[in-house]
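Novice: Chains A and B, in that order, are what the protein sequence lines are.
Residue numbering for the first sequence follows numbering that gives the first Met the number 0, starting at 0 and increasing by one per position.
Residue numbering for the second sequence follows numbering that gives the first Met the number 0, starting at 0 and increasing by one per position.
By construction, these hints were calculated from the structure, which means they are not laboratory data.
There could be a bad hint or two in this list.
[What the hints assert, rightly or not] Some but not every residue of chain A turned toward chain B, in silico, with C-beta under 8 Å:
1. R31
2. N34
3. P40
4. R116
5. F123
6. F128
7. R139
8. E146
9. A147
[Claimed, not checked] Label pairs and their in silico Cβ distance ranges:
10. B/K195 <-> A/G175: 40 to 46 Å
11. A/V9 <-> B/L217: 27 to 33 Å
12. A/V9 <-> B/H213: 37 to 43 Å
[Stated by the list, open to error] Derived, one-sided and incomplete: chain B residues facing chain A with beta-carbon distance under 7 Å:
13. V88
14. A162
15. A269
16. S295
17. M297
Don't be surprised by glycine CBs; every beta carbon is placed ideally from N, CA and C.
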Amino acid sequence: MAFSGLLSRVTDVLEGFLDPQLRARIDALPRRNLNEFGVDPFGCDPEIIKLIAPALTFLKDRYFRVETHGAEHIPKDGRFLLIGNHSGQLPFDAAMVGTTVLTEAPTPRLVRGMVERWSADLPFVSELFVRSGQIVGDPRVCARLLEADEAVMVFPEGVKGISKLFAQRYQLADFGHGFMRLALQTRAPIVPFAVIGAEEQAPAIADIKPLARLLGLPSAPVIFPQFLPLPLPTHYRIWFGEPMEFRGAADDDDDVVAGHVRKVKNTVQRMVDHGLKRRTSVFF
Amino acid sequence: MATKKTPTTPPTTTPTTTPRGRKAGPTTAAATAERRSAARLTRPRVLVTSGASDLGRVLCRRLHRDFDVISIDTRAFPDRPKDVDHHEVDLRRKAAQALIKKSKPELVVHIGPMHDERPGRSRGSSLLEATATLLKLVEEVGAKKLVVLSAATLYGPSAVSAAFMSEDAALLGGQRHPRMADAIAVDMMVQSFFWKSPGTETVILRPVHIIGPHMQNLVSRYLRMPRVPTLLGFDPMVQLVHEDDLTDAVVKALADGVRGVFNITGPTQAPLSRVLAVRGSHTIPVPGPLLAAALSRMGALRLTRVSDDELVHLKYACLVDGKRAQTVMGFAARRGLQDALRDM
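Build the full structure now, drawing on both the sequences and the hints.
Specialist: Below is the structure:
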């Protein structure tokens, strides 16, 4: 058919942009969970990464010029949870952390991020998310992935984090407890990370809550400058910390879990503060 | 059909009798009757409702090797195996009820509304009524086992459905689709029967879409099309199970001691596009609203019976977890997904 012919031509062109070194890293991604159709139980196909990797590495290396610290802390194998600060109105921080783990970690790992449930309603986007391993945020799905020794990225601040106003930049919002219960349940180590630079990519001066309610969106920020196709090209710095291990029962009392969560939050906040201190310029 | 095979756990009715095989071959009517009555003493009797539906026929052919099969359907079942006792009656009529009371089946297999597509009118309330009648009869004749074939689609493919739903997930599929709403009502009715009649071992099987050479259901028809419309920009994960594996699951469910709700799935799952690629079909991606409008217009002109509500299956995944059937019943699908897709 004409459509499939066109599709294969497009994929050939996209794969042409792929750096051979990156191709080798994508080929080296763990594939033990794939079935005879080349997908894992959730529909993720590492081959699809080859198509989107050129765009992601362009953003990472040219646009945001990501500077990575502590990539050696990313576990070489086995399950782990990536926990960090969320910012920047649009989830470019998640994309950049995922790309960094793919390109800079000691062994390439595919990070499974969480996406909003309504993204399943968007044509192409939903398909791309599923194929590239991004999953609808659901604790049972996360637990299943961790049990299968995958790497899962969670932003415990949630929407509160990404829709922060400029005045509250780099101040962590409350952390949810879900990720800690998940870590306890699956005995997964937590790798903390801090993203510096994403807060300035789309400075929001106000959040029009009635408009957000009207449109059914999590927030309706007034961004300066509004309606830009991409956020501002700030200089990203991503810091990875040493893996933290917690032991206990997943159904422990809230006070106990809150203590663990506080430890992780303080670690991330410390990493953010440290990263800010070391930063010389927002854009350079 | 599957090759002949005795079930791993031979069902027995009473401890004093043993299952006995039967010789095939031309015999006189009297001898057949005699043999049949002798077999009656030894083989458990199973009642299959909607026995002349696609799935009912496949089931009867599988079950008649180990059981005395009584099939009930309003339709004829001309190509049935000789020893399947088919009755062309409506389950809700007195004749059918008298028949069931007289033959006292120990085992009952009820094929739910999702697996019995019939042209024309909606059968919603009649099916609920038939199920209610059947449950009453099961209680009355003191049947040992009731297996009801529900469906995994009842969990509902939607944007918010979690991947790999277990048996305790809510059945949310019926919000838009009337047939699914009826099927959910049937499923719930049987769930309450667990408590009403604890003496009967009740099993609800919720299989994913069933495919196979004898299946004429919507999914099989869709997969057999040489040119297949898909929704532009959507490629959900699908789970399919082969008809032979499903009959295996039913036989496993008929074993002593099995009760409860079980999801029945094939060994793997795959994106729709790759499933269609194995079938060798040409896909025609159509924008969703266009396909929905075309279907509803064609439906209004009576050109198709496929409702535009069915498009959710092309848009969202509805993945279920079949682990419980594996651990409790020892069910494992023998047909791989690619193998099943080639055998249609």
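Novice: Are the hints correct? Go through all of them and say.
Specialist: Consistency of the hints with the structure:
1. R31: violated, 14 Å
2. N34: holds, 4 Å
3. P40: For A/P40, the interface hint holds, since the closest Cβ of chain B sits about 6 Å away, which is under 8 Å.
4. R116: OK, holds: A/R116 within 8 Å of chain B, min 5 Å.
5. F123: holds, 4 Å
6. F128: With Cβ-Cβ at 11 Å, over 8 Å, it is violated.
7. R139: Because about 6 Å separates A/R139 from the closest Cβ in chain B, which is inside the 8 Å limit, the hint holds.
8. E146: violated, 11 Å
9. A147: Violated: closest Cβ of chain B sits about 11 Å from A/A147, beyond 8 Å.
10. B/K195 <-> A/G175: 40 to 46 Å: holds, 42 Å
11. A/V9 <-> B/L217: 27 to 33 Å: holds, 32 Å
12. A/V9 <-> B/H213: 37 to 43 Å: holds, 40 Å
13. V88: violated, 45 Å
14. A162: holds, 5 Å
15. A269: holds, 4 Å
16. S295: violated, 19 Å
17. M297: violated, 22 Å
Of the numbered hints stated above, those contradicted by the structure are hints 1, 6, 8, 9, 13, 16 and 17, listed in ascending order.
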